[in-house]
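Visitor: Following the hints, put chains P, A and F in place on chain D, whose structure we already have.
4 protein chains.
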Amino acid sequence: MDFSHSEKSQQYQARLKAFMQEHVYPQEKAILADNKRLNEGRDFRHWQVPAAIHTLKQQAREAGLWNLFLPDAELGAGLSCLDYAPLAEEMGKVAFAAELFNCNAPDTGNMEVLYHFGNQAQQNSWLMPLLSGEIRSVFAMTEPEVASSDATNMQATIVEDGDELVLNGRKWWTTGLGHPDAKVAIFMGLSNPDNDKHNQHSMVIVPLDSPGVEIQRMLTACGDYDAPYGHGEVLFTDVRVPKSNLLVGMGKGFAIAQGRLGPGRIHHCMRAIGAAERALELMIKRGLSRQAFGKPLIKLGGNLERVAEARMLIDQARLLTLQAAWKIDKLGVKQAMTDISSIKVVVPNMLQRVSDMAIQMFGGAGVNDDLPLTYFNAMGRILRIADGPDEVHMGMVSRLELAKYTGR
Amino acid sequence: MDFSHSEKSQQYQARLKAFMQEHVYPQEKAILADNKRLNEGRDFRHWQVPAAIHTLKQQAREAGLWNLFLPDAELGAGLSCLDYAPLAEEMGKVAFAAELFNCNAPDTGNMEVLYHFGNQAQQNSWLMPLLSGEIRSVFAMTEPEVASSDATNMQATIVEDGDELVLNGRKWWTTGLGHPDAKVAIFMGLSNPDNDKHNQHSMVIVPLDSPGVEIQRMLTACGDYDAPYGHGEVLFTDVRVPKSNLLVGMGKGFAIAQGRLGPGRIHHCMRAIGAAERALELMIKRGLSRQAFGKPLIKLGGNLERVAEARMLIDQARLLTLQAAWKIDKLGVKQAMTDISSIKVVVPNMLQRVSDMAIQMFGGAGVNDDLPLTYFNAMGRILRIADGPDEVHMGMVSRLELAKYTGR
Amino acid sequence: MDFSHSEKSQQYQARLKAFMQEHVYPQEKAILADNKRLNEGRDFRHWQVPAAIHTLKQQAREAGLWNLFLPDAELGAGLSCLDYAPLAEEMGKVAFAAELFNCNAPDTGNMEVLYHFGNQAQQNSWLMPLLSGEIRSVFAMTEPEVASSDATNMQATIVEDGDELVLNGRKWWTTGLGHPDAKVAIFMGLSNPDNDKHNQHSMVIVPLDSPGVEIQRMLTACGDYDAPYGHGEVLFTDVRVPKSNLLVGMGKGFAIAQGRLGPGRIHHCMRAIGAAERALELMIKRGLSRQAFGKPLIKLGGNLERVAEARMLIDQARLLTLQAAWKIDKLGVKQAMTDISSIKVVVPNMLQRVSDMAIQMFGGAGVNDDLPLTYFNAMGRILRIADGPDEVHMGMVSRLELAKYTGR
Amino acid sequence: MDFSHSEKSQQYQARLKAFMQEHVYPQEKAILADNKRLNEGRDFRHWQVPAAIHTLKQQAREAGLWNLFLPDAELGAGLSCLDYAPLAEEMGKVAFAAELFNCNAPDTGNMEVLYHFGNQAQQNSWLMPLLSGEIRSVFAMTEPEVASSDATNMQATIVEDGDELVLNGRKWWTTGLGHPDAKVAIFMGLSNPDNDKHNQHSMVIVPLDSPGVEIQRMLTACGDYDAPYGHGEVLFTDVRVPKSNLLVGMGKGFAIAQGRLGPGRIHHCMRAIGAAERALELMIKRGLSRQAFGKPLIKLGGNLERVAEARMLIDQARLLTLQAAWKIDKLGVKQAMTDISSIKVVVPNMLQRVSDMAIQMFGGAGVNDDLPLTYFNAMGRILRIADGPDEVHMGMVSRLELAKYTGR
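Heads up: the protein sequence lines correspond to chains D, P, A and F, in order. Per the UniProt record's numbering, the very first residue in the first sequence carries number 1; after that it's consecutive. Per the UniProt record's numbering, the very first residue in the second sequence carries number 1; after that it's consecutive. Per the UniProt record's numbering, the very first residue in the third sequence carries number 1; after that it's consecutive. Per the UniProt record's numbering, the very first residue in the fourth sequence carries number 1; after that it's consecutive.
A portion of the hints provided could be inaccurate.
Identical chains share a label here; the pair holds if one copy fits it or two copies do between them.
Simulated pairs of lysine-lysine, BS3-like, Cα-Cα distance not exceeding 30 Å [unchecked claim]:
#1 K285 <-> K295
#2 K334 <-> K8
#3 K36 <-> K197
#4 K197 <-> K252
#5 K330 <-> K404
#6 K330 <-> K243
#7 K29 <-> K330
#8 K285 <-> K29
#9 K183 <-> K295
#10 K334 <-> K183
Rather than coming from a laboratory, the hints here were simulated on the basis of the structure. Just so you know, these numbers come straight off a predicted model, no measurement behind them.
This is chain D alone, in the form it adopts within the complex:
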């Protein structure tokens, strides 16, 4: 196991950090304030992107810090999972940073799907504008009516009708749906109910302006709409798309989902680790600078032990994530299943814990949105549910562990 980063990755790290120092941190507060001013309390149909974001995206692109996540050396940076990991961590330190480098979810996952599973026409129509940052995309999978932790519960349907596919269903937690540039969804539904359990569903590309696509509302997540991105509840009623929008083939939805799985997990875990590092940094700085009872806060009670706890939790979580990345790169997703599920549990819980400790150090200031701490904490909380709850992933880890003894 070699977690060293290639020369190329190290150069990207240096350039990314420099860009963050020079362009992003100095504007962070102003951009978040501008975003609040533009979007707070607005109907999602009027959400706007702060102008500085556009400028920064342009600058990042010009600086060659663009599509860093994509392992293709032509279209992206050509980095392995392991090599990209520290870049994702760096981006995780600022709420909106990933977008600046066209490395934000769910576009990254969708671009990977189109890259690996899209045909030439699909790639031309959708992958290219996503890679250029012109448009954004969403992933329509989770449903309100059923326990989506068991994906076989899915109720949305995809039916063939001549040259068309007809889509029906209600989806929610469709992240990014409120963004003005969101133009296309990857929609998953039940298409072949007579097939065996893991070949019943398909994935289809759906332009969001298709008749029958109705965004009903944006959902708060821990009190926050996360404008201008948002998590949408959206109804698909007899939505018709040409069969050419089908990815791979009928019944191939789960196979694609599996393929989409691994790298995306690394991305969001590393961003979460970056968020935790930022929280710890803020916590320490506050603890050093405020006084109570005649001492800096950091010296009071168990505060220093909490600093140590945070450091130990973060370091362990990072190593586990790097191990998962290394295994994906070297052995493939199948051989990395324990690690991929483990980090899905470990990292968000770690972020929730570390950011909670940081909030506590700040007192009232910690729960207010002048600081990114409640954002990070909510991120940890939500990640414990999104993409499969803790319980499902612990189930996977234990199943693989038992299989060492039962052979099953």
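Guide: This is chains P, A and F only, laid out in the frame that chain D set:
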């Protein structure tokens, strides 16, 4: 130790529960939705109270369910802390319920201050309209510039000038300041810097329309403005009030704060326990009604153990709170210090944990505001800071514990 | 709920504490050392009781501090569960104290069984000598071959043969079997396999000198034989006893076990709470008296927070136990099932945690047997398994919780 | 960071595993039983080593599996810390395995001291017989009278007197002192009280048969004497050794201790990780093979989640330890301080938790010494104190973390 509730308390419990069942639960969703419609994203100067709240307050008052917290049998219900406790628990199950019975913070605490420490004129001017529910009040103590966990850090000042007092300072986390009916603050500041440490501060009644009082903004708390109540940041610049607005006397601020302490702690802890009971109820109902992997969610993995954990945590926290209430009633606040500090730590942490487990059972629905779970979770989180952080209260508990051996 | 202790209980508390102060604490170290000298490494067939124990038993009896657990006012002290609870707590502070007052497990439970379920002859033969402290008894239930957490797994058999009952089976964790005075067992086995599940087992009184009873070895529990009491592994091979040794009737084993349940749970939980109080006291005294890095240990790092944590855990656990006791007394065991199972989980885990913190404060001295801390810690650990593991009791709590909603 | 193991290490791993499979596991129960038979309850002066241990040592030596820990390629296996780590893990799975390969503490640490800091004569006299496994050694540092967590508290003295050094002091937790082959101690004491704080102590080689060395007793550790090794309390009274027994020079004790630090930490942490893996294996096998309530135990309640929790904890702890090893190898101990302190906290706590879960799965069998689980659990517990308590190491981690911001 007798935690039995008097006949009178039991009758109030029955009537309160009946009122909740008949009037409150059936309207809960509609009122929360209306509140959202009226206030979400609005500037706090335009916050409104849903009409149904006014109606329910009127109905509660007519039903004799009014000012239940006040131990005075004429002005309130004449219940002891222990007797009021189960009523507070019941109110805690619905976000806005305490207000319906004129039992909401911070008015309860302020009414207690005016009741115990106000003179006749002060009571006529401010206690009476608060008891009638005509106006609301705020408590201006916490400051942004200093660690308020150490109250001696307080920087706001109160200076005598002839027949007037002149107030200066910046306060925040002034809860309820956004409410259209908020008319008066109890303001605490440094008035006698040459006195010994606990006799340097005073409390003064300040009408919120006094010149020099400037509400600068409302603060989000875990992403939520909690409209139409809100937590304000407010600047006091050369605010002048007559000396007759002084409570008790110059330098008596800490003494009043001590007196205000105990019962309010019981109130909010019991409401938090009610919130936890509600979260557990929602969690179980969801777990019984949703299916995944061929079983109700509640039967999967460690979910039933989490139900047991929640029950054990809640029951212990309630008993500790009842013990604190009983001690306040029978032995006085001084003899109840360990318990009063213990519940301040135990109960909010318990609520944070129980509501977190409930959120997890709901998956995506748990983090959205269709349900009160993130509200309850944020409530637990914020209560770990408000009114002294966990660390300060653990410090109190350990100090009293050591004193058993050192005599100090 | 009235957790006040009667005048009678308070007098017993005062007398018991005085006896402990005067006679027990001063001899504690010497008796433990003597016990070690007499028994350490000896074959259990030669275990001896330190002479001072005999003397103290005599003194306790003369002081009227005898059989305090028994609710019968003639034969015991006539105290309710709630009234006995603080006495058990006091006894829990010293490893061997309960025995001094003839209040030690498993004799207490066995005496209760004989008292409630034994006929006159059985009581004359066995209850009387147990009450006088002449003999000791054991309870033979747990079996090595099956998961005893599911009592229906039990494999030992009881077969009628003329006027006799024939017993076969292997039992272990038969506590107290090594004591020189252990003379009789209550044996539980499968007697009526055709009955419905909870009427298949019987309980039989078996003199330990019956042919066919073979003690095979004593078991270590967390490294300790707990001489001269011990936990035995014992084989019953065609052991014959007269039918008159049957308790109540064939198939009544579970019914008796249920009846034995509640008060015994209170006893051992209160003793565990006493042990935790003792551990906390030792922890604080050590923390105050040792210096490192220029300060008393107790002031370093998070140590004071751990003192507070211990106090909060203990106080909550005690209140829950008192509530269970009160419910048993006032409402009966059936109405106290949630509490009886809850304390079975909460209290031993609390003791394990508190004693672990105390050990840590002592460093090396904490893990050595000069102090009772590892004894208390092992006690907590073992109690999480004995009499049903945590998991079974959490299962009971959650089942009763769900029943509020399902009616089952 | 490259955690890959060299070809050489991989070959050793394969050979070691084969040796364990072929020779050690099959005899494990018999050897432990023999050890118990030989030593249980015996005075430590008569402790014996089971004959099979001698045979296995001989076999291991012949198999070239000898002194694997020593980085010197002539005298040992010439493996780096990282390369040795998986070998230590493997040895940790069986209580007595490290000794078979002459890789047991405290001899490994003492051999490292002699190897790095001993002069030629000292190496000839003491290192060689230790490397050959003829003799064993102890490390006399911890003292009963003072908080040894603060090493500057040390009270033992070393005084020059002509050509001799005169040693006085009381030491305890001198591990291995009961072993019949224990022949020599490295003794640390205050020698230069006028030097600055970290140059006041020296280390001296003391033959255990020197006049004035009096072993007073062996200490139980969590109820276990750990015969035939043991933890001794030993009095040094005017013990005289020639000055040539001084290591490095007067006042160099702390410098040597620092040098001894890193690799030993890796060794015991990796053994603890091996113990945890073994505990998890036993837990799963038991859970799969026992039935209760109609299912294998492992499928009940939260048991599978605990399997996942154990896997995630172990994997993280191992990666952190490998990182520490890699840093020691590549960057030196100074650059690895955070990691070396972190694993000292993380790994023993992990072992305590994992072995506790395993014990719980076994019920009564788990707390008995038929299985190695209480041994592993006690090992975790004791390691949280030995070689610096958790609190001291968390203090180191937080200090280094703060230094990133304060520059100190």
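Visitor: Evaluate each hint against the coordinates.
Guide: Comparing the hints with the structure gives:
1. K285 <-> K295: Answer is both: 14 Å inside a copy and 26 Å across each meet the 30 Å cutoff.
2. K334 <-> K8: Classified as both; 27 Å inside a copy, 29 Å across copies.
3. K36 <-> K197: neither (45 Å within a copy, 42 Å between copies)
4. K197 <-> K252: Only inside one copy: K197 and K252 sit 11 Å apart there, 50 Å across copies, limit 30 Å.
5. K330 <-> K404: within (21 Å within a copy, 34 Å between copies)
6. K330 <-> K243: neither (36 Å within a copy, 57 Å between copies)
7. K29 <-> K330: Answer is neither; intra-copy 40 Å and inter-copy 40 Å both fail.
8. K285 <-> K29: Only inside one copy: K285 and K29 sit 17 Å apart there, 42 Å across copies, limit 30 Å.
9. K183 <-> K295: neither (54 Å within a copy, 38 Å between copies)
10. K334 <-> K183: Classified as neither; 32 Å inside a copy, 54 Å across copies.
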